[in-house]
Structure formats: C-alpha cells, structure tokens
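Use the sequences and the hints to build the structure in full.
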Amino acid sequence: MITALKALRKNRFKTALIFISMSVSIAAIFLISAISGGVVSMYSAMLKTDGDIIVTQRGIADTFFSDINRSWSDSIVKMEGVKEVSSLILGAAPVDPLPIVGVYGVNEGRFKNYSLVSGSYPKVGEVLLGSKIDQSLKHPETITLSKKEFHVSGVFKSKIGFEDGGVVMNLGDAGEVFHKSASIFLVSLGNLEKSDALIGQINGLNPDLEAKTTDSFIDSYNQFKIIQTSSDVIGAMAFLMGILGIVSMMSMVVNDRKAEFGIMRSLGLSSGVIITRLLSETLIIALAAFAVAWGVSEGVLELIKHADKFQGYINGEITVALLCKVFVVSVVMALVGTLLPAVYASRIDPMSLIQKGSA
Amino acid sequence: MNIEAHALEHFYGQEHVLRGVDISLKQGSFTAIVGESGSGKTTLLSILSTLLHPTKGSVAYDGKALSQVGNIDHFRRRHIGFVFQFHYLISYLSLRENVALAALGENEANIDLLLAELGIERLAKRYSDEVSGGERQRAAIARALVNRPSIVFADEPTGNLDTKNALGVYELFRRFSDEGIGFAVASHDKKIADFADTIIEMEDGIVKAIHT
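From first to last, the protein sequence lines are chains A and B. So that you can map any letter, position 1 of the first sequence is 1 in my numbering, and since no number is skipped, the others follow by simple counting. Add 359 to the 1-based position in the second sequence for my numbering, that's all there is to it.
Just so you know, the hints here were simulated from the structure itself, not pulled from any lab data. If you're wondering where the values come from, they're calculated on a predicted model, not measured in any experiment. There may be inaccurate statements among the hints.
Claimed, not checked - Below 25 Å or equal to it, Euclidean Cα-Cα: the simulated BS3-like pairs (lysine-lysine) are: (1) A:10 x B:484; (2) A:6 x B:484; (3) B:484 x A:258; (4) A:6 x A:147.
Here you go:
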C-alpha cells in the first residue's frame with residue numbers, strides 16, 4: 001500500500017490524469033443514473049399516489065397522448081372492490097414566460113393530495129401552482145396558459161418535482177385546454193387481491209381502454225424504458241471511456257517504468273506480483289476518484305435541483321443502491337483498464353535492460 | 360552451485376553471436392568474462408543467468424538442466440543475483456526498500472546487516488538521487504546479494520564508475536566470493552584480472568582462451 005502510494009506520488013502527473021479521467025467518468029455515471037432514476041421515480045410516485053390500477057387509452061406510447069372518455073369512470077367506480085376512481089388529464093403547455101410546464105387536470109376528490117402552502121384549491125377558471133413554479137414566476141396573481149388567463153387560487157408544496165414545478169387545475173378547465181375528456185383513471189381498490197379480476201372487467205368495458213396494475217404499468221411504460229435505456233447507454237459509454245482513458249494512461253505509465261518492471265522480472269518477482277502492484281495503484285486512484293465523483297455529483301444534483309431553469313423537473317438522488325452499483329463499476333473500471341497494461345508490464349523482458357543499458 | 364554450459368549457440372535474427380560455447384563455473388568462484396564489444400560476452404551472461412534461452416545447447420545448475428526447472432522466476436530469485444551497468448534502483452523507493460524488494464521473506468532480517476557490510480547503512484533511508492554513483496551501485500549489489508544467491512551475474516558493473524569506485528566494487532565481489540558466492544562478471548576493464556579466479560576470453564562468439 002505504502003509502496004503503491006509512493007509510486008503514485010512519483011508519477012504524480014500521470015496519476016492526476018488517470019484520477020481526472022476516472023472522476024469524470026464516474027461522475028457522469030452517477031449523474032446520468034441519478035437524473036434518469038429521479039425522473040422515473042418522480043413520475044412513478046405521482047402515479048402511485050392513489051392508484052392501484054391505471055387505466056389508459058389502449059396502445060398509447062405516452063400518458064400525455066392518452067385520451068379516454070371520462071364517463072367510463074362511472075362504470076368502473078360501481079365495480080365490486082373499487083374504492084375510488086380519479087380522472088386525470090396529464091398535459092404540458094407553455095405558461096408565459098416558461099416554454100413548457102406540466103399541467104395536471106384533476107377532479108375535486110384528488111385536490112387533497114396537494115398540500116397547500118397558501119390560498120385555496122382552484123375553482124373553475126383558477127389554477128393551483130407548485131411552489132417551484134410559483135417561485136420561478138415570482139408569485140403571480142394570474143398566469144397565461146395556452147393563451148388563456150387563469151387566476152392563481154393558491155400554492156402547494158410537493159416532494160415530486162414534476163408536480164412542484166407544475167400547474168394543477170380543475171378537470172373541466174384542463175379538458176378545454178387539451179381538448180380531451182381524461183388522460184388516465186387512477187383506480188383505488190379496497191382489496192388488492194381482486195385487481196386481476198377488475199382489470200379483466202375494465203378491459204371488457206371498451207376495447208379502447210387498457211387497465212394495468214400500477215406496478216405493471218410502471219414496469220412496461222415505454223417512456224421509462226426509453227429513459228432507462230438512454231441512461232444505460234450513456235452510462236456504458238462513460239464506463240468505456242473511463243476504461244479507455246485508464247488503458248491509454250496506464251500504457252504510458254508502464255512504458256515510463258519499463259526499467260522498473262524489467263528489474264523486478266530479473267530479480268525473479270513473478271508476473272502476478274507485478275500485475276498486483278499495478279492493480280493496487282489503480283485501485284487507490286479509483287477509490288479517490290469515486291469519493292470525489294460522489295461529492296461532485298451530489299453538489300451538481302443539488303445545484304440542478306435548485307436551478308429555476310429546470311423548474312424542479314430534474315431531481316436526481318444518489319441512493320444507497322446507486323452508490324453501491326457505481327462503486328462496483330468504479331472498481332471494475334480500474335481493474336479492467338489496468339489489466340492489459342499490467343500484463344504487458346509483467347512480460348517485459350529484462351534483457352532489454354542489459355541490451356539498452358539505460359533507465 | 361556449479362554451472363555447466365554445453366555447446367551454446369545463439370542467433371539474433373541472422374546474426375550468429377555464440378558459436379558453440381562450453382564453459383563451467385564453480386561454486387564460489389569469481390569468473391571474469393572479457394572481450395571486445397560484440398564478442399558475445401553479454402549474450403553468454405544472459406543465457407547462463409536464465410534471462411535468455413539459447414538457440415542451441417544447454418545450461419545446467421548442479422547437473423539439473425534449466426529446461427527442467429519448473430518455476431524459473433522463483434529459481435532466479437532464490438539462486439541468482441544481478442548487477443547491471445546502470446544501477447536500476449527504483450527511484451521512489453529508498454535504498455533499503457530497493458533491497459527489500461528482492462528479499463525473500465526469511466532474508467528481510469539480513470538487510471541492515473548487508474547494508475552495513477557494504478558501508479551504506481547510514482544511507483538506508485535515502486533515495487537513489489540523493490546518493491553518489493558508487494553508493495547506488497553498492498545498493499544494487501546489496502539487492503543482488505540479499506538472498507545469499509549461489510551466483511551473481513554482473514554486466515559491466517563498473518561501466519559508470521570512476522577508478523576508485525570500480526576497484527571498490529571488485530573488492531566487494533572478491534570478498535563475497537571468498538564467502539562462497541560465485542560471481543560471473545562481463546567487463547572491458549582489465550583491472551578485473553587482479554581480482555578474478557578465472558578469466559574467460561571471448562572473441563567472435565567463441566571462447567578464445569581460459570586463464571586461471
């Protein structure tokens with residue numbers, strides 16, 4: 001360990017380059033995973049608030065495009081085992097001067113989910129603002145949404161960034177803005193064991209309706225899959241870039257230290273000892289890079305969370321699971337990136353020392 | 360250990376550098392291998408010391424052919440020491456740590472004693488760029504001797520030293536040779552003849568003469 005630290009200190013310039021390269025890669029993995037995970041968990045949390053079953057228009061790629069007739073909720077609420085049905089319109093529209101804002105049209109029964117900070121729940125022609133957008137718009141009395149003016153009835157606070165940066169309004173008003181009856185129904189059940197039977201019944205009501213348990217909806221939701229896949233691809237690219245950075249830098253390190261490894265070989269130190277020495281050096285760098293990347297990522301996420309520009313929509317969190325995953329990825333990155341140069345170092349022919357006669 | 364080399368031949372590409380060399384090195388003897396550049400002395404030394412496989416011929420340590428040694432790295436570490444023209448001390452390790460790098464576990468306790476024998480015990484914690492050329496070479500010799508090898512191979516070990524330090528190195532070799540460690544030293548320096556038991560004269564890849 002001390003020998004490895006001395007070697008790193010001696011080669012401090014290249015050590016610093018490897019450290020920076022690894023830190024950037026690890027921070028990129030942290031950030032993309034945390035941000036995409038945040039988007040998925042925020043939207044999932046919103047859907048899970050009071051829905052055991054989600055009903056959408058069949059075959060839609062995104063809930064924003066879903067259009068179902070609100071009258072079907074009357075039939076669903078009468079089904080045995082159904083406790084409550086909330087209709088929701090999910091949309092996005094410009095709210096001057098913001099180019100795009102999440103808009104949630106809800107029925108009165110669902111207002112209780114929004115914890116008021118000031119004012120009251122909206123009546124017709126009024127809107128309730130999330131605290132983040134209220135702050136961005138500097139506490140307006142009215143807003144212009146899709147060219148129509150609405151009075152602000154109050155402000156609510158939500159831990160879900162999409163809601164906190166969004167606008168809540170009556171279902172009827174939202175229907176006029178987005179020209180639809182409802183986007184989804186959130187069905188709350190008295191007894192979860194009956195969910196399969198109820199899904200069958202709901203699907204049987206109309207071929208346009210598609211019911212799924214909330215968990216199954218979240219698992220199969222295309223937008224989440226796209227976000228997750230994009231995140232995985234970018235994360236994998238950052239991982240590969242990290243490995244390539246280590247391979248190239250470690251190759252230079254090995255080349256600079258050829259005489260050192262040659263002398264070790266001539267002294268009879270085994271290939272395993274040389275490989276282990278180099279791996280331990282990179283592991284030390286990886287641990288330091290992991291710690292720094294973690295700290296930097298927490299800082300960046302905090303900045304993003306509070307940046308008005310993002311309206312609270314980007315709300316990444318580094319969970320313990322993500323921390324463990326990135327730690328393993330960092331160690332693997334260090335080991336894989338060092339292995340090839342280390343094997344090369346372990347095979348340096350000590351004869352080169354005799355023949356070249358220079359350090 | 361007695362070392363026997365039989366009918367050694369070696370090519371570097373088309374270049375025939377050893378042309379049938381038969382020699383034997385006795386346990387504890389100080390052998391000087393002399394000759395002009397290109398005479399094949401370094402190649403011979405490299406083959407005898409297990410660093411290079413001969414194109415033809417064989418080398419045996421106490422009658423056992425090197426080709427039959429299972430773990431050549433371990434064999435080299437236990438039985439063979441090296442001193443090169445350049446010291447090749449690792450710059451980020453102290454002189455003592457450089458010696459410890461080569462030491463097998465049971466020999467680590469002898470490092471300080473060995474450094475004292477070589478007169479560099481007070482420099483043990485210094486780094487190679489903090490000591491003189493002669494002191495560096497003494498540290499390199501300590502590294503070669505730390506496991507009390509059967510034989511130390513040295514290729515032009517005084518090539519970078521002044522006369523006084525060069526003579527000091529030969530005296531050390533002589534002293535340890537008298538204690539039973541064999542030395543095989545390739546050199547241009549004629550003064551080595553005053554210290555060696557045997558002088559092997561090489562010319563154009565063959566042994567021209569052996570003086571005892």
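Handout entry: 25 Å Cα cutoff - pair residue 10 of chain A, residue 484 of chain B
Key = holds (16 Å)
Handout entry: Given pair status - residue 484 of chain B, residue 6 of chain A, alpha carbons within 25 Å
Key = It holds: about 14 Å lies between the C-alpha atoms, which stays within 25 Å.
Practice task
Quickly compare the C-alpha distance for residue 484 of chain B and residue 258 of chain A to 25 Å and report which way the hint goes.
Solution key: Given that 25 Å is the threshold and the Cα spacing comes to 24 Å, the pair holds.
Practice task
Could you grab the alpha-carbon distance between residue 6 of chain A and residue 147 of chain A and see if it respects the 25 Å cut-off?
Solution key: Roughly 67 Å separates the two Cα atoms, so the pair is violated.
The structure fails to meet hint 4 from the earlier list, while all remaining hints are met.
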